[in-house]
Each structure stands twice: as C-alpha cells, then as structure tokens.
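Engineer: The primary structure of each chain is shown beneath.
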Amino acid sequence: MKTRYDRFLDLHTWTGVIAGMALFVAFYAGSFMVFHDSLHVWQSAGQAGHYERADAQAFMDNFLDAFPMAGEDFYLMLPGSGHGLSAIWFDQNHEGGAWRTVRPQEVAGEAYQSVPHSGLADLVNSAHYSLTIPEIGIHLMGFVSLLFGVAMISGLVVHWPRIMRELFTLQHRGNTKRYWKNLHNVVGVLSFPFHMIFAITGAAMGMLGLVMIMLGVLAFGPEVREAAADAESVGAATG
Amino acid sequence: MGRTVLGVILGLPLAAVLCGLAAWAWPGGWRAVLVPAYIAVFPTWAALAVVAQYGVSWQRVLTGFLAVGLVGYGLLWILRFAAGDGL
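Chains A and B are the protein sequences, given in the same order. Residues in the first sequence are numbered consecutively from -10, following the numbering used here. Residues in the second sequence are numbered consecutively from 7, following the numbering used here.
By construction, these hints were calculated from the structure, which means they are not laboratory data. Do not rely on the hints blindly, as some may be mistaken.
Straight-line Cα separation of at most 25 Å, SDA-like style, residue types lysine to any residue; simulated pairs [to be verified]:
1) A/Lys(-9) x A/Glu124
2) A/Lys(-9) x B/Ala53
3) A/Lys(-9) x B/Arg66
4) A/Lys(-9) x B/Thr69
5) A/Lys(-9) x B/Ala28
6) A/Lys(-9) x B/Val14
7) A/Lys170 x B/Ala53
8) A/Lys(-9) x B/Val57
9) A/Lys(-9) x B/Phe87
10) A/Lys(-9) x B/Val11
Pulled out of the complex, with its shape left as it was, chain B reads as follows:
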C-alpha cells in the first residue's frame, strides 16, 4: 500500500521531470514536442506507480524516487542552462 501511494504521488513529478528531460533533449526543441511530452507523462506516471512495487520497502521506494527525481531535475537545469533559458 505504501509503495503504491508513493508511486502515485511521487510518480507525477518524476514523470514530469523525465518527460521534460526528453523534450529538452529533443533535437527540434521542447516547443515542438510539448504535446507529445504532455501525453507521455501519463503512461510514464502509471508505469512509475507499477515500478514502485519493485521496491523492497516503502523507504527504499521513497529514497529511489527522490534520488532519480533530483538527478533528473539537475540534468534538466543543465539542459535549460545550456539552451540559454535564462535561469
């Protein structure tokens, strides 16, 4: 239960970060793939809620999701900075 709740709650920001990363890394620029990135958030979110079941405990799931989220968010900032997004 704990893993599922964590997966659903933390899955959204993590999915947004992952899809945002893919959009920023896209050769044509994120504006060209905004709608596909938006659509991709949902299956990614659902998949992350399922992936959370692989965790040994809810604490490990929390740690794992936060770690991946922070790394992804850091990469996102680097990509945005490199693209001159005026951070």
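Chain A extracted, bound-state conformation:
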C-alpha cells in the first residue's frame, strides 16, 4: 500500500519524465528562439546588399508594386537595422501562410523565390512550438505543458516540508546522489514561478480550442466566442 507521499513522488517522477522528454526539445529550441532574428539575418547573409536610408522609399514603392497584397500590413526594415533594407510580411497565399522577407534585388526584376529564406530559424521555431509535428504538435505540447505544471505542483508538495532545511544544506562533499537531489530541489523551487509561466503559457497556446469550448459549454454560453474575439481585438490594439 503506497503512502500519500509515495503517490505524490510517483506523480512528480512520471509526469516529469514523460513531459521532460518533449520539454527538453522545446526548451533547447526555445533558447535558440531568443536569437531568432539573428538566425534569420545570419542565414540570409550576403543578401542584404548595401543600401542607404534614402533608398528606402524607392524600395517600398517597388515592393508594393510587386506585392500589392502585402500593402495592408508589412514591416519595413531600414538599412543599419541588422536585417538590411528589406520588407517583412505575412504571405497568406502560401499554403498555411508564411512570413516572407523581400529584399531590393527581388523587386528589381529578379524572380521571387517561394522558398522561405529562413529555413533554420523556421525549423527552430517549429521545434519550439510543436516539436516539428504538423497539425497536432502544438496541441501535444499544450498537454505536455499541463503535465509540466502537474509535475511542478506535485514536486512542490513533495519537497515543501523539507525545503527550508535543504536550501541551506547544499554541499558537494560526501554523497553525490544526495547533492544532485538537493540541487534539483533547490533549483526547482527557486525557479518555480518562472517555470509555471512556461507551463501556463504553453498550455494556453496549445489547448485554446479545447478550453474555450469547455468554458463556453459549462460557464459562459455561446457568447464566449464573441467575447473572446473582442478580447483578442482589444489585446491586439493595446499591444
């Protein structure tokens, strides 16, 4: 017969192990995502060309002539911004939509390439959000994020009674296994708020549909769809 402590420990261990495998990929890719823009520039090296700020207006005119559908919403990167003179826009015509970077030489007569420029940055992005699994990947990561939250809360329950003592007994001498266990506890507890943010935001992104349906059915009624759209538009307007 397992004690309650054993049950919490089992829950902490197994949710941690199962979620941890997917989270390792997501966190590893996420650490590269910090440099997403730089990766994009690095991979596009040599395409930036040498332009002055005064060339921007002419480039923008040519860009809008070549891609009128981008006229509603695009970003203009000026020379010296790190990207070089370029325009970035979301191409709805591409299957599933894709971010495009257009450079001056591409609107000056050269054929527009339909292949995304930043294959590596896109791969890292995809690994971070969905383990590169199409369609269900992001939902899977949403569930993994929930398990991550379960692992953290159960871990806090398990370690809390001894955490104050163990915070101050981190020693490298003697039992190495105990040292790693103590380090795990200390790092886990101290980083708990930050990891909780990862878990909540990951689950919120991956399980939006499921939870909104549940909230709509059980709590708010069909009006929740309109309210969610309103909230989204307010959020977009306020940045």
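Following the hints, complete the assembly by docking chain B onto the known chain A.
Structural biologist: Then chain B, alone, in the frame of chain A:
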C-alpha cells in the same frame, strides 16, 4: 494511476466550472475577466490533478470531483440566472 487519470480528465471541466464561477461572481462582470479566467483554468486544472492524489481511492476521487463539479455547476446556473443570462 487511476487517481491521476481521473484528476487529468475530470480536472478540466471542474477547473472550467470553478474559474467560470469566479468570473461570474466578479464585480465587473465575466466579460471583463474572460482572459484571466481562461488563463486561470490551466494552473487550476494542474492543481486539481495533484489534489486527486489526496483521495483514498479512485472511487472517492471520482465521487468527490463529481460532487464538487455538480455543486459548482449548480451555483453557476444560479449566478447566471440572477444575472439574467436568459437560461
């Protein structure tokens, strides 16, 4: 294992009911706190999956979750009715 599965499966509707209750009871109305209520579902869901471990058996967990869920859902209906939601 049974408690965990129950906690994860029944935790979602129960978390939705509890967060919905908090949103309906909010002074400014539920529309003002829809997004926070949505965000709050996830830690509540995870916490409920952990709370399920406190159950003596999976049957007790099932009974407890269903009881709390039904009471919460009943309160939700009362709040919605009181607010003139046109039930």
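Engineer: Can you list which hints this structure breaks, lowest number first?
Structural biologist: 1, 5 and 9
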